[in-house]
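These protein sequence lines map, in sequence, to chains A and B.
Counting from 1, one number per residue, gives the positions in the first sequence under our numbering.
Counting from 1001, one number per residue, gives the positions in the second sequence under our numbering.
Treat the hints as calculated values from the structure; they're not laboratory data.
Treat the hints loosely; a few may be bogus.
[Said to hold, decoys possible] Below, simulated BS3-like cross-link-like pairs (lysine-lysine); rule was C-alpha separation at most 27 Å, straight line:
1. A:Lys352 x B:Lys1139
2. B:Lys1138 x A:Lys263
3. A:Lys176 x A:Lys228
4. B:Lys1139 x A:Lys263
5. B:Lys1152 x B:Lys1181
6. A:Lys732 x B:Lys1163
7. A:Lys598 x B:Lys1163
8. A:Lys254 x A:Lys395
9. B:Lys1163 x A:Lys734
10. B:Lys1152 x A:Lys598
11. A:Lys734 x B:Lys1159
12. A:Lys448 x A:Lys406
13. B:Lys1171 x A:Lys736
14. A:Lys251 x A:Lys263
15. A:Lys468 x B:Lys1152
16. A:Lys319 x A:Lys395
17. A:Lys352 x B:Lys1138
18. A:Lys448 x A:Lys552
19. A:Lys640 x A:Lys608
[Claimed, not checked] To spell it out: a stretch of chain B is covered by chain A in this simulated footprint if at least three of its residues, at any positions, have a beta carbon under 8 Å from a beta carbon of chain A; those stretches are:
20. 1092-1098
21. 1133-1146
Given the structure is predicted, the values throughout are model-derived calculations rather than measurements.
Just so you know, even glycine gets a beta-carbon here, dropped at the ideal spot from N, CA and C.
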Amino acid sequence: MKTTGKSRLGLKKALLLILYFCGILLISFFAFVYFLFKSPSFLDRAEQIINRQSKMPIEIGALSLTGWGRIAIKDLTLRESEKGEPIVVIPYAEIGLSPSVLFKKHIDEIEIKKPKLFITLKGRKDGEIKKGWPSLPFYLKKISIEDGEVIVRNETGMLVSFSGFALSIKEMPGRKAEVLASGDLRAPELRKEALQIIFKGEYDIDKFELDIENISISSPLAGAADIKGRLSMFPFKMQAELTADRVDLNKVVKKFVNILPDKGFALQGTAALRSAVSVDMSEGISGTISAIIDNGGFSSSDGAMAGEGIAVNLSGDLKYSLKDNTTEFSVTTHASDFELLLGSFYGDFTEKEISCSVQGKYFKNNDTLKISASEFSITDIGTIGASGDIRSISKTPRIDLDVRLKELANADAFAFFVQETFQDRFPFLSQMGISGKTSARLSVNGTKDAFNIQGNIDIKDADVFAEKSGLSVQGVNMSLPLDLSYPKITAPKKEAERFGSIRIRNISWKKQQAERIEFYPAVWQNTLVFKEDIQIPVFAGNIKLKNISYEKLLSPDRELHMSIDMNGIDLEQVSSSFNIPQFSGSLTGEIPSASITKGSLLTNGEIKIELFGGEIRISDLSVDSIFGPVPSISTSVEIKEIDLSRLTDTFEFGHISGVMQGYVRNLVIANSQAERFEALIETVRRKGVTQKISVEAINKISIMGTGSASAILSTGIYKLFEQYKYAKIGFKGKLKNDNFLLGGIVTEGNKEYIVKGGILPPKVNIISHTRNVSFQEMVKRLNSIKQIEKGEKIRVE
Amino acid sequence: MKNLLTRSSLILLSLFIIQACVTINVYFPAAAVGEAADTIVEEVWGEEEGAVPEEPAIEGEPESFLRPWIRVALGVIGPSEAYAAEPDIKVTTPAIRAIKGTIADRASSIKPYMDSANVGIANDGLLDIRSTDGLNLKKKAELKRLIEAENKDRNALYKEIAKANNFPPDKVTEIKEIFAKSWIKQAKSGWLVQHPDGTWGKKK
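Produce the complete structure using the sequences and hints provided.
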């Protein structure tokens, strides 16, 4: 068929008409769409549709077309309820769609910029987790979020937030989706520190499972960590493994964990962490953690506490139950190869290992930690274990614990913790040793400011010895009940309900032996008391300690009260034991009250020593600064009817016959030297007692009294006499501030006689000329007694 | 006339009473304590430390330094102020000797720490750990124990000196300050010392 020119023209016109018509239609469509999008009623309609789909109120600020198949949404706000707080705020989003698939509810892409997402976690009382997934009413190929902010909070406040949050979920072949996310994570626990997180994973659309290829966490302070794992949505489950090889302990703990005592406290070392976490919303969160710290350490700001070279191996299990909000845990730690400084204590743990294990459960709802078992042990020393509850642990911890000390090796514990640390202050410790085992079972209740300890301490087969003094206590077995309250007792005072026992097989000291000693102590209401008097057989007699009461044991003002009876102590044995010239006699004493308060011992009563045919009475005995560097003993001594023959023969002073009496009052002895006294010693004439003095004694007295011995007694006629008669021997003396004011016992004119000779010749007088004798001079004179040939100041009449 | 006599008598009595009044100013004998401090410091921390010499004999009556001035006061014939002369200071008692001996024995252990500026002499007469740089933990503990023991002895020494001289307890602080000056005066060049204003520096 042929077409004519007219018909071709008609076809052209028709086509142009169609095109024109189509153009008008298209323009009209776009105009319609444009005006539709501009129309408030369309916005309302769109909001209603989304409301219906999401069941949440939504507000949209504006809709517009930004290009072919791209719709821009401005100021979208989604709320949980009409008047509720916004849960999603999107300032700008674009939806890309193809008109061809629009009616199939397919959307190619959603781009969201700077959204804010508020997620509020609410506890569910029934413990059930809401099942299901907020399904989209359309098919989405790709969604991306740029520079968003996600805030996760609960009823009490913000838990975590993401800033700079970026997310990209893109459909991949095989019903998978690639998920990429990144952002800076912040949480109150992180104290302004941001963790940079980059997430890469793949989502299985059909299985609702997220395969976490890698979550890279990095922080300028804490270093880097990687997490791998799997997360499934229905039901929600997650397994993840965390790896961090070089965690800077100081930075991490200072920033994230509020456990350091002060700002200047520093930690050293790095930790390698491995952790596996499993989350199952129907059960909870469980995980394991292991940490290895190499060359760790710590130091306080003042340097008083420090640890160096610490190698720690920690492993633990943790299980958090969503159902009852509890966390069950089990942690074991071993530390070794380190040195420790705690004040003046230094511990070398290079040969020792510290092991610590704790199993327990934390109940968040009542802030209580229940420790089912815990142990702390040091190689060769012992183990201490504890179990019980710590309530209000995050505020004011209140403990209710059973503490058990298991077979502490006394020797090692004493050497390691006590001897070196305290021997500068208490030098006797350096000579001391102790053996045996100590165990204890104690119940500790209260807070750190007020607590009570009850229980028992047991010592088995202990020996105690002090090399220097020669004291040896063997076979000590003790069971001591304890009842201590800090800072003071609040319960009404009452008698001790229970007593323990101390059994000693043998005590030896200075050739003395005492066997099978037993007494019954108790620490009751902060006081050490004994059921019965303590009898110590010693030097053929005994010392009885009565009514012992050591009060306020936990206070610096602790007080010891007792009374003491001493009976039949044989001085011959005493002198033999102390390697002094032997003499016989006995010692008895009754001290009705002896008390140590504020570092001073005060007594009343007196000690009577019967010796050399007479007696010495010691009264007003006290010791000042008993725990100070130089304790000083104060006392007064009365001397009666001492047989000088026996006295001088015993101490090889020469020979003096006669009877002596006198006193030494206000005697103060410090550093084994007399510091102060007032004395009067004199001979008294007794019927039938001759009064004679040997030349040796004369010389020694003259040295003591005058500074030198007499040469004249070894010359001329005096050589014929070995002893002289005397009328009186004695002196009055006063020592103070190292000055000895010496006066004779007989005064005639300006002469003071220390030895006044008899009436008939030959006689000898010793006259005191130098009244003031300094300490230096007295030392010199005592040294000179061994060289009695010297001396020219003795005047013999 | 009788009134006049009475009045005159009263005036004379008043004058007598006024003339018989005396104000006794008892001052702390800082100079004497200073001399004593110099002696003790020289003995315990001098070149031959560790060998505390025997005490020199102390001259004079071993009684309170106040006594001569009480006599002066009683003998005065008019209102006047009496000033206590510098008395002898007792620095030798068994307790003081014991403490000095301990301090002297410890000196050789402490001096290396002074040389290395770990320890300084504080202006309260005690030692102060200024730094533990260069010390391992064992040495740090040893140093702490040494300084604690030393300061305990020094405090005891100052108290004993006050006690021996019948100074009231509140004078111990002054004794400590006086001793601080002696310790600092006799410190080696380069040792850390605390200045009166509390700052620390090396002794030149």
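Hints and how they fare:
1. A:Lys352 x B:Lys1139: Between Lys352 of chain A and Lys1139 of chain B the Cα gap is close to 20 Å, so the pair holds against 27 Å.
2. B:Lys1138 x A:Lys263: holds, 25 Å
3. A:Lys176 x A:Lys228: Holds, at roughly 18 Å.
4. B:Lys1139 x A:Lys263: holds, 25 Å
5. B:Lys1152 x B:Lys1181: holds, 19 Å
6. A:Lys732 x B:Lys1163: It holds: about 25 Å lies between the C-alpha atoms, which stays within 27 Å.
7. A:Lys598 x B:Lys1163: Holds, at roughly 18 Å.
8. A:Lys254 x A:Lys395: With Cα atoms ~20 Å apart, Lys254 of chain A and Lys395 of chain A stay inside 27 Å; holds.
9. B:Lys1163 x A:Lys734: holds, 18 Å
10. B:Lys1152 x A:Lys598: Distance of about 17 Å is within 27 Å: holds.
11. A:Lys734 x B:Lys1159: holds, 23 Å
12. A:Lys448 x A:Lys406: holds, 24 Å
13. B:Lys1171 x A:Lys736: holds, 21 Å
14. A:Lys251 x A:Lys263: Roughly 12 Å between the alpha carbons, so the hint for Lys251 of chain A and Lys263 of chain A holds.
15. A:Lys468 x B:Lys1152: The hint holds at about 24 Å.
16. A:Lys319 x A:Lys395: holds, 23 Å
17. A:Lys352 x B:Lys1138: holds, 16 Å
18. A:Lys448 x A:Lys552: holds, 18 Å
19. A:Lys640 x A:Lys608: holds, 11 Å
20. 1092-1098: n = 6 at 8 Å, threshold three: holds.
21. 1133-1146: holds (count 9)
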